[in-house]
Amino acid sequence: MTTAQLTKTKLNKLNVLKLYEQYAAIERSLPLLAPESQDLARSEMEQCLALRSEKIDRLYYAWAHHEDAVERAKKEQELLAAAKKHHESQITQIKALINWLRRSAPIDDNKIKGKDYEFTLSKKKAPTVLVSSDVQDWTKDEQQKYCIMETVTTTKHTVVTSMDGTVLEEDTKPSTKTETIPNLNALFNAYQEGQRIPTGVKIQQDYNIRRARILVKRSVELSPSAYPSEFLPEPDPAC
-18 MTTAQLTKTK LNKLNVLKLY EQYAAIERSL PLLAPESQDL ARSEMEQCLA LRSEKIDRLY
42 YAWAHHEDAV ERAKKEQELL AAAKKHHESQ ITQIKALINW LRRSAPIDDN KIKGKDYEFT
102 LSKKKAPTVL VSSDVQDWTK DEQQKYCIME TVTTTKHTVV TSMDGTVLEE DTKPSTKTET
162 IPNLNALFNA YQEGQRIPTG VKIQQDYNIR RARILVKRSV ELSPSAYPSE FLPEPDPAC
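Using our numbering, count along the sequence shown one by one with no gaps and you end on 220.
It is possible that part of the hints are untrue.
In silico PhoX-like cross-links for lysine-lysine, where the CA-CA straight-line distance does not exceed 25 Å [unchecked claim]: (1) Lys65 - Lys55; (2) Lys36 - Lys(-11); (3) Lys137 - Lys105; (4) Lys76 - Lys96; (5) Lys36 - Lys(-6); (6) Lys183 - Lys126; (7) Lys(-1) - Lys(-11); (8) Lys154 - Lys137; (9) Lys105 - Lys183; (10) Lys76 - Lys183; (11) Lys56 - Lys(-1); (12) Lys36 - Lys76; (13) Lys92 - Lys104; (14) Lys55 - Lys66; (15) Lys76 - Lys56; (16) Lys137 - Lys126; (17) Lys92 - Lys105; (18) Lys36 - Lys121; (19) Lys106 - Lys183; (20) Lys92 - Lys126.
I should point out that these hints are in silico values taken from the structure, not numbers from a laboratory. Just so you know, these numbers come straight off a predicted model, no measurement behind them.
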């Protein structure tokens, strides 16, 4: 069904800007039109308004759609970051388990062997100082003896220039962060001297770990039928 209108313009083909222009043009001509033509003009204006409003609403829907997509992407990034952190933690725990096994089991050499894989361990030059407690929970005396203050200053220097290199704007903003951290050297020295160290501090010998596939060599004691190309002569085609 065709809706009556003043002009022959295909309104559904116009974009938002053209619909605005079409509406304004008809509105300006309205006083100049005969009464019967004014009815057609008003009908066309209503169509312009309806189509224009629908297209404008589509902008909102598109905006909201992409906004939702951004939020989903952010959540996905958070999930990926959490998964990465989890797997990194699992790797750390596996390494700790292998280190514990090397320290605790009666192993004579530097290898821990499975059926298909083996781990080769070499002592790290210095023992590892592990701190699992919060330094803020240490006593004042322990903090004085085994803590240090770390201050990190990051400077952001921004320079805005014109295309010919003239400096238009220059700004330097330093950012300083001070943190109380364990003094690992002091803790290790105190441990070596037999002094009492804070709760949650552990010193242990750790190892560098290399992984390798165990390569099984072929044995000549195997039945020749297992390797016919190596142990049996080529069949005579004449036979």
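Status of each hint after checking the structure:
1. Lys65 - Lys55: holds (15 Å)
2. Lys36 - Lys(-11): It holds: about 21 Å lies between the C-alpha atoms, which stays within 25 Å.
3. Lys137 - Lys105: violated (38 Å)
4. Lys76 - Lys96: holds (19 Å)
5. Lys36 - Lys(-6): Between Lys36 and Lys(-6) the Cα gap is close to 11 Å, so the pair holds against 25 Å.
6. Lys183 - Lys126: Answer holds: Lys183 to Lys126 is near 16 Å, not above 25 Å.
7. Lys(-1) - Lys(-11): holds (14 Å)
8. Lys154 - Lys137: holds (5 Å)
9. Lys105 - Lys183: Cα-Cα ~16 Å, so holds.
10. Lys76 - Lys183: This hinted pair holds, its Cα atoms lying about 17 Å apart.
11. Lys56 - Lys(-1): Violated, at roughly 40 Å.
12. Lys36 - Lys76: violated (60 Å)
13. Lys92 - Lys104: holds (12 Å)
14. Lys55 - Lys66: holds (16 Å)
15. Lys76 - Lys56: violated (30 Å)
16. Lys137 - Lys126: violated (35 Å)
17. Lys92 - Lys105: With Cα atoms ~15 Å apart, Lys92 and Lys105 stay inside 25 Å; holds.
18. Lys36 - Lys121: Violated: Lys36 and Lys121 sit about 68 Å apart, past 25 Å.
19. Lys106 - Lys183: holds (17 Å)
20. Lys92 - Lys126: Distance of about 39 Å is beyond 25 Å: violated.
The earlier numbered hints that this structure contradicts are 3, 11, 12, 15, 16, 18, 20.
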